[in-house]
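Asks: So the sequence lines, in the order shown, correspond to chains A and B. So in this note's numbering, spot 111 of the first sequence is number 111, and the numbers just go up one at a time. So in this note's numbering, spot 46 of the second sequence is number 1046, and the numbers just go up one at a time.
Think of the hints as simulated: they come from the structure by calculation, not from any bench. You can trust all of the hints, since none of them are fake.
A partial selection of chain A residues facing chain B, derived with a Cβ cut-off under 10 Å:
| id | residue |
| --- | --- |
| 1 | Leu63 |
| 2 | Ile64 |
| 3 | Leu188 |
Note that the Cβ used here is the ideal one computed from N, Cα and C, for glycine as well.
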Amino acid sequence: MSVLQPMWLSIQLATFTTVILILIGTPIAWWLSQTGTRWKPAVQAVVAMPIVLPPTVLGFYLLILLGPDGAIGSWWVQLTGSALTFSFTGLVIASCVYSLPFAVQPMQNAFESLPRQYLERAWTLGASRLDAFFSIVVPLSVRGFISGIVLSFAHTLGEFGVVLMVGGNIPGETRVVSIAIYDHVESLNYAAAHRMSLVLIGFAFIVLMAMFVLNRRWGSR
Amino acid sequence: MRVRAIIVSLALVCGPVLAAETITIAVASNFSRPAAALAAEFTGTTGVIVRISNGSTGKLYAQIVNGAPFDVFLAADTERPMLLEESGYAVAASRFTYAQGALVLWSRDAPDCLAVLADEGSGRVALANPKTAPYGMAAVEFLDAEGGWEAVSARAVYGENINQTLQFVATGNAIVGFIAKSQLGAPQLPEPGCVWEVPVSSHTAIEQQAVLLAHSASNHNAQRFLEYLRSDDAREIISRHGYGWSQ
Chain A
1 MSVLQPMWLS
11 IQLATFTTVI
21 LILIGTPIAW
31 WLSQTGTRWK
41 PAVQAVVAMP
51 IVLPPTVLGF
61 YLLILLGPDG
71 AIGSWWVQLT
81 GSALTFSFTG
91 LVIASCVYSL
101 PFAVQPMQNA
111 FESLPRQYLE
121 RAWTLGASRL
131 DAFFSIVVPL
141 SVRGFISGIV
151 LSFAHTLGEF
161 GVVLMVGGNI
171 PGETRVVSIA
181 IYDHVESLNY
191 AAAHRMSLVL
201 IGFAFIVLMA
211 MFVLNRRWGS
221 R
Chain B
1001 MRVRAIIVSL
1011 ALVCGPVLAA
1021 ETITIAVASN
1031 FSRPAAALAA
1041 EFTGTTGVIV
1051 RISNGSTGKL
1061 YAQIVNGAPF
1071 DVFLAADTER
1081 PMLLEESGYA
1091 VAASRFTYAQ
1101 GALVLWSRDA
1111 PDCLAVLADE
1121 GSGRVALANP
1131 KTAPYGMAAV
1141 EFLDAEGGWE
1151 AVSARAVYGE
1161 NINQTLQFVA
1171 TGNAIVGFIA
1181 KSQLGAPQLP
1191 EPGCVWEVPV
1201 SSHTAIEQQA
1211 VLLAHSASNH
1221 NAQRFLEYLR
1231 SDDAREIISR
1241 HGYGWSQ
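Can you make the complete structure from the sequences, with help from the hints?
Replies: Structure representation (structure tokens):
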């Protein structure tokens, strides 16, 4: 097993997951930051649950839901002819669930700290809601977006338990780097385990440090 | 039986208090059910409480090398016990085969295991990771001998261990899988569509070996447990759970 294939697979998985999470996470975060409904705490709790739940709980239900007999899995089988479990697509779905709070929460925080007058001024000047969002909210919430992107990417890269339960360890398809490391440790190939682990440690340090540097730069502006 | 189980579990909870009369054994996950039955029997006759730590052979090995406080190791292979013996973590010459595993092909939905194994469009084939699990290695050897590994590997999914492999098939996520015969007695297992015993001659024997760990070399109770493991009583329990012996 090469070092690069699982690494590359993990990067692909994290990239897909991050893009999807920003696309679906932004409206959720925006709605949460603006809503006055009494259901807000309940929705917030649902979004934050993957932080608290053990990966085994997520993995267990995803295995059932995404399996050929499951609600989502059976529908997918009808649509495409193949099951979602043990597939890259299945891992992307699992990762989106798993990393959702890491995308939504930083963006929501950024939106909530936005002075309300800016938006109201834009609206009174005749900007549409969408226009105001992209020309006022997005530029002023860059820090939130960067944190959301970096954290969901890094968190997906570090995913292990869920993938172990729904992945099936298929080379090039679901054998991501964390699973490959686990394999190497189990088969006493410590040299390979060290190689991959050190790459991940270095990567995690660089990514997180870059985020804090960027945050400070934007913060002091 | 139930009363004894309750007493044993109560005793397990109070284990640390009775440390002198307690042994801790590390058990490969495929052997967890027979190990529990053996431990209950052993406790019943000797009064010595047996604490069981389940895990994969590779994980338990790494824990032992890094100082885990186990007295006895019941592995799923011969390699790790041998390595422990060579590197001095296990008592020399304490190693013996306590069970020989049998491989079966199992499916929840298919009526004919071999047909569905050969049918490339039928779905995923589950096996334990051949790099880490002896049952997975045996499955690959069987398929290799039959000339079918090439085709099967394209639709194989790998369980982290033999229990996860069964779980993949039992939930219908894989159409057929290579599992341990001992798992057929697992509680709550759905009715199988088919079960086919893989001929023992088609793969290297799955020998499961036990060793006495070095820091427990003079632990009388641990020695007694290993002696008990070789007794006819113990072998009867072991074979009832779907294992055999080579010797």
